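Sequences listed follow chains A and B, in order.
Quick note: the first sequence uses numbering that gives the first Met the number 0, first residue 0, plus one each step.
Quick note: the second sequence uses numbering that gives the first Met the number 0, first residue 0, plus one each step.
One thing to keep in mind: the hints can contain errors.
To be verified - List time: in silico SDA-like cross-link candidates among lysine to any residue, alpha-carbon distance up to 20 Å:
1. B/Lys57 to B/Lys10
2. A/Lys1 to B/Lys57
3. B/Lys10 to A/Val126
4. B/Lys10 to A/Phe2
5. B/Lys67 to A/Arg84
6. B/Lys67 to A/Lys1
To be verified - Heads up, incomplete: computed chain B residues facing chain A, CB under 7 Å, no partners named:
7. Asp50
8. Gly58
9. Lys62
10. Phe69
11. Ser125
The set of hints was computed from the structure by calculation and includes no laboratory data.
The structure displayed is predicted, hence computed values, not measured ones.
Ideal Cβ placement from N, Cα and C applies to all residues, glycine included.
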Amino acid sequence: MKFGILVNEGPYTHEASDTAYQFVKAALAKGHEIYRVFFYHDGVNNGTRLTVPPQDDRNIVKRWSELAAEHKLDLVVCIAAAQRRGLMDKSEAKRNGKDADNIAPGFRISGLGQLIEAGIQSDRLVVFGD
Amino acid sequence: MTEENAGSVAKRFLYVNRRAPYGTLYALESLEVVLIGAAFEQDVSLAFLGDGVYQLTKGQDTKALEVKNFSPAFRALEDYDVTKLYVEKEALEARGLSESDLVVPVEVVDAERMAEIMEAQDVILSF
């Protein structure tokens, strides 16, 4: 089955990102396809490479980046939600006159149309949030 | 119609709004998805459950909160061909509201009918 995934909550405060990650990993292990993981609302904060969690805790952002590299996942951060919350890639930083970018490897910034497209193209769109 | 749109698959999308309009950003960002999604020519419906019914109430005044009153945007949905708005009867009644308190025409349905509406969807986005 082809899954689209929507993550609506940020890392650590809420378990949604952890559960989505475990779901994606389990689905891939069973031979399913992940069409796209879309990050919306505070979920965009899963894509900042500047998190430094304690060493005895899981690194949620790094874990997504590694899974994306391993399985060529399409991790998409909503541009409108990202701009509100200060998540930038290089070109967005330049376009908005900011002095830094912070997007983690394996993530890309794009529009909400990517979420709708995931809903259209996937057999199931699974929402992780509150 | 959607058949003309080669390559696209028309699916039934339901946006479920469960939260009050202010206090969190979920309601506004949900509406942003609806407005973007309208361009994709899918079969779109909106559901309002629980405190989500407050999103549609008339006379919202957000000046003191210093946030934007986005309730007028619901009146623009018709221009995007988004006309199926379902409001949970029990949620309205529990809050002392009726259809005449809302900014747009809606279909008031009981929880059982709402469950049937959800059952008929391809994609449900819950905010």
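Status of the hints after comparison with the structure:
Taken as a hint, the lysine 57 of chain B and lysine 10 of chain B pair is broken in the structure, with Cα atoms around 31 Å apart against an allowance of 20 Å. With a C-alpha separation of about 42 Å, the suggested pairing of lysine 1 of chain A with lysine 57 of chain B is violated against the 20 Å cut-off. Simply put, lysine 10 of chain B and valine 126 of chain A have alpha-carbon atoms about 17 Å apart, close enough for the 20 Å limit, and the pair holds. For the hint pairing lysine 10 of chain B with phenylalanine 2 of chain A, the CA-to-CA distance comes to about 15 Å; that is within 20 Å, so the pair holds.
Between lysine 67 of chain B and arginine 84 of chain A, the direct Cα distance comes to roughly 17 Å. Compliance with the 20 Å bound is thereby established for this hinted pair. At roughly 38 Å between alpha-carbon atoms, lysine 67 of chain B and lysine 1 of chain A are farther apart than 20 Å, so this suggested pair is violated. Against a cut-off of 7 Å between C-beta atoms, the interface hint on aspartate 50 of chain B is violated, since the closest Cβ of chain A lies about 13 Å away. Hint status for glycine 58 of chain B: violated, given a least beta-carbon distance of 27 Å to chain A, over 7 Å.
With a least beta-carbon distance of about 21 Å to chain A, the hint placing lysine 62 of chain B at the interface is violated under the 7 Å criterion. The closest approach between the C-beta of phenylalanine 69 of chain B and any C-beta of chain A is roughly 14 Å, which is over the 7 Å cut-off, so the hint fails. A distance limit of 7 Å between C-beta atoms decides the matter here; for serine 125 of chain B the minimum to chain A is near 6 Å, and the interface restraint holds.
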